[in-house]
Amino acid sequence: SAVISQKPSRDICQRGTSLTIQCQVDSQVTMMFWYRQQPGQSLTLIATANQGSEATYESGFVIDKFPISRPNLTFSTLTVSNMSPEDSSIYLCSVLSGVAQYFGPGTRLLVL
Amino acid sequence: DQQVKQNSPSLSVQEGRISILNCDYTNSMFDYFLWYKKYPAEGPTFLISISSIKDKNEDGRFTVFLNKSAKHLSLHIVPSQPGDSAVYFCAASAAGNQFYFGTGTSLTVIP
Chain C
1 SAVISQKPSR DICQRGTSLT IQCQVDSQVT MMFWYRQQPG QSLTLIATAN
51 QGSEATYESG FVIDKFPISR PNLTFSTLTV SNMSPEDSSI YLCSVLSGVA
101 QYFGPGTRLL VL
Chain E
1001 DQQVKQNSPS LSVQEGRISI LNCDYTNSMF DYFLWYKKYP AEGPTFLISI
1051 SSIKDKNEDG RFTVFLNKSA KHLSLHIVPS QPGDSAVYFC AASAAGNQFY
1101 FGTGTSLTVI P
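Protein chains in written order, with our numbering: chain C, 1 to 112; chain E, 1001 to 1111.
No lab work stands behind these hints, which were simulated from the structure alone.
Among the hints, erroneous ones may be present.
[As the list claims (entries may be wrong)] Covered by chain E, per the in silico footprint, the following chain C stretches (three or more residues, Cβ under 8 Å):
1. 50 to 57
2. 98 to 106
[Claimed, not checked] Residues of chain C placed beyond 12 Å of chain E at every Cβ, according to the derived structure:
3. 13
4. 15
5. 19
6. 26
7. 37
8. 41
9. 66
10. 67
11. 90
12. 92
13. 93
We put the CB at the ideal spot given by N, CA and C, even for glycine.
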């Protein structure tokens, strides 16, 4: 398994600003993922962050809106840029370790 | 297109009885399935998995059944306990690629 921490755990932001979410893993992992869970919805994959290469974004998500960094095998950041109320969601970092994905505790974001 | 579906958004069960959570999938290439449990304000936690070469996997009170011909899997919890009250997600992947998640079933175990 893997132990994952995220910062911040929650935030309230103004429309038009940006927030960077940090994800730290207690072991080196190749694949890290960023998900979003909007109220009443399933977990939606935003992008896959691989160390040493650009992130791979899913349909409906673009790098300008959700830039991702992956400077090493234990850390990644997701930035939610130019936020609007529609970005209010829980953002989750996840890693593939062994045969399962493990999730961080999530960052609860509210955009006013 | 939702490849993994959980058609019951909620389920209530009496303590001590069996909870059965269901999940259907459409992609016949899926070969690995997982169940996650999520408490409010926490990330999902891995519960139990099953490979497509099996039709059953058991871990304590939790058993996952896989019916490949029906593209259906289920999670059985017996006996159900109040601490099992949470949202349960099923997930599926093909050949170790990304996991696709269902929309979740909120389980309430009534004391």
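Would you list, in rising numerical order, the hints stated earlier that this structure does not obey? 1, 7, 8, 11, 12 and 13
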